Amino acid sequence: MRAVVWTDALQTVVMVSAMIFVMVLGAAKLGGWGQVWEINEAGGRLQFFNMDPDPFQRQTFWTALIGIYFMFLADCAIGQSFVQRYLSVPDQTTAIKTVWIFAIGLSVTLLLSVANGLLLYASYAGCDPVLAKRASKPDQLLPLFVMDVAGHIPGFVGLFVAGVFSAALSSMSTGLNSLSGVLVSDLLSNVLSKKISTGYWLRIVTAVVGFVCVALVYVVENMGVILQGMHSLNGITSGTMLGLFLLGIFCPKANSKGALVGSAVSLCSLGFIVFGAQYSRNTGSLVDNVLPVSVDNCTFTTNFTLSQSDGFVLF
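Following this note's numbering, the numbering of the sequence shown begins with -9 at its first residue and continues without gaps.
Hints in this document: simulated from the structure, not taken from any laboratory. Only a predicted model underlies this, so the values are computations on that prediction, with no experimental measurement involved. Beta carbons: idealized from backbone N, C-alpha and C, even for Gly. Please note that a few of the clues may not be correct.
Have a look at the derived ranges for each label pair, beta carbon to beta carbon [as the list claims (entries may be wrong)]:
{"hint": "1", "residue 1": "Val283", "residue 2": "Val3", "range": "32 to 38 Å"}
{"hint": "2", "residue 1": "Ala32", "residue 2": "Val209", "range": "35 to 41 Å"}
{"hint": "3", "residue 1": "Arg193", "residue 2": "Asp286", "range": "52 to 58 Å"}
{"hint": "4", "residue 1": "Pro45", "residue 2": "Ala85", "range": "32 to 38 Å"}
{"hint": "5", "residue 1": "Val209", "residue 2": "Asp286", "range": "44 to 50 Å"}
{"hint": "6", "residue 1": "Gly252", "residue 2": "Pro282", "range": "27 to 33 Å"}
{"hint": "7", "residue 1": "Tyr269", "residue 2": "Ala85", "range": "39 to 45 Å"}
{"hint": "8", "residue 1": "Leu178", "residue 2": "Pro45", "range": "29 to 35 Å"}
{"hint": "9", "residue 1": "Ile86", "residue 2": "Pro43", "range": "30 to 36 Å"}
{"hint": "10", "residue 1": "Arg48", "residue 2": "Tyr190", "range": "46 to 52 Å"}
{"hint": "11", "residue 1": "Val209", "residue 2": "Ala85", "range": "42 to 48 Å"}
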C-alpha cells in the first residue's frame, strides 16, 4: 500500500505539472484568459445554470449535480480502493482528513481540466479538428493542441506524454492493487495452495490482471468517447453496490435473499439502460444534442505536382 501511495503522489505531480504548462502556454498563445472567455461565451459554451428539469437532457444543472453526487458517494463511501486507504491510516480523524485532501485535490484537477477544455474550444472555434479530419475523435484534441502550441519546445511534448502515462498508471496501480486483494482474499482464498504465501499469490494475480487490462486497450480505443463509456460502465456496478449498502444501512431487517434479488434487478435495469442507450446511439435513434462546431475558418491546402515533360502528341 505504501508503494502505491508514493507512486500515486509522484504521478499526480507530473500529471498536474503537465496540465498547468499546457494551460499557461495555450492562454499565452490565444492572448490571455479574457480572450479565451469571450470566445467561449460567444460560442455558447458557458452555461452554468441550465435549470431544465427534463432528465433526458444531456447536461443540465440537475443531471450534473445528482449524477456527480451519487457517483462520488459510491466511490468515496464504498469504493474498495478508497476504503482500503481509510483502513490503512491510524484513526478515523486521519481518514476524514484524507477525504478533505482528496476533495481539494480533485477540485483543483477538475478546474485545470475545465480550463484546458476552454482553451481547446477557443483555439479551434472556427476550425473543428474532427470535422476537418485532423483528428478522428474528440479524445485526440488535447494531444493535437499540445503539438500545435508547444510542439517546437524541446522536451515539452515528452512532459505531456509523461503526464498522460502518469494519469493512466496512477489509476491502474490503484485498481490492480484493490482488485488483486479482493480476488485473493474473497474469491480464491479457498482454492489457492496454503503452502505458498499470500503475498506471492497477490503478485501473480496482479500480473495476470495487469496483462488483461493492457490487452483491453485495443478494445477500448474502438468504444468511441472513452470518458463517457467509463462512467456508463462504472455506473452499472457502482449503482448496484451503493444500493446494496444503503439497503443494509437504512433497512437492517433486510435479509440476504432480498439483497440478492435487489442487486440482480439493479444490475439488469442499469445494464438495460446503459447498453440500450449505446445501441440507440449506434443505430441513430438516439442523437445527443451537442453544441455546434464550425470549419468556416479552416485553411485547406492541396498539394500537387505539375508535370514538366512534353505531352504525347497523337496527331
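Results for each hint:
1. Judged by the Cβ atoms, the range 32 to 38 Å given for Val283 and Val3 holds: they are separated by roughly 34 Å.
2. Distance hint check: the CB atoms of Ala32 and Val209 are about 39 Å apart, consistent with the given range 35 to 41 Å.
3. Our hint of 52 to 58 Å for Arg193 and Asp286 holds, since their Cβ atoms are close to 56 Å apart.
4. The hinted range of 32 to 38 Å is satisfied by Pro45 and Ala85, whose Cβ atoms lie roughly 34 Å apart.
5. About 37 Å separates the C-beta atoms of Val209 and Asp286, a value inconsistent with the hinted range of 44 to 50 Å.
6. In this structure, Gly252 and Pro282 break the distance hint of 27 to 33 Å, their C-beta atoms being roughly 43 Å apart.
7. Distance hint check: the CB atoms of Tyr269 and Ala85 are about 42 Å apart, consistent with the given range 39 to 45 Å.
8. The hint said 29 to 35 Å for the Cβ distance between Leu178 and Pro45, and at roughly 41 Å that hint is violated.
9. Taking 30 to 36 Å as the suggested C-beta distance range, the pair Ile86 and Pro43 conforms, at roughly 35 Å.
10. Here the CB-CB span from Arg48 to Tyr190 is close to 48 Å, well matched to the stated 46 to 52 Å.
11. For the pair Val209 and Ala85, the supplied restraint of 42 to 48 Å is violated, since their beta-carbon distance comes to about 36 Å.
In summary, the structure is inconsistent with hints 5, 6, 8 and 11 from the numbered list given earlier, while agreeing with the others.
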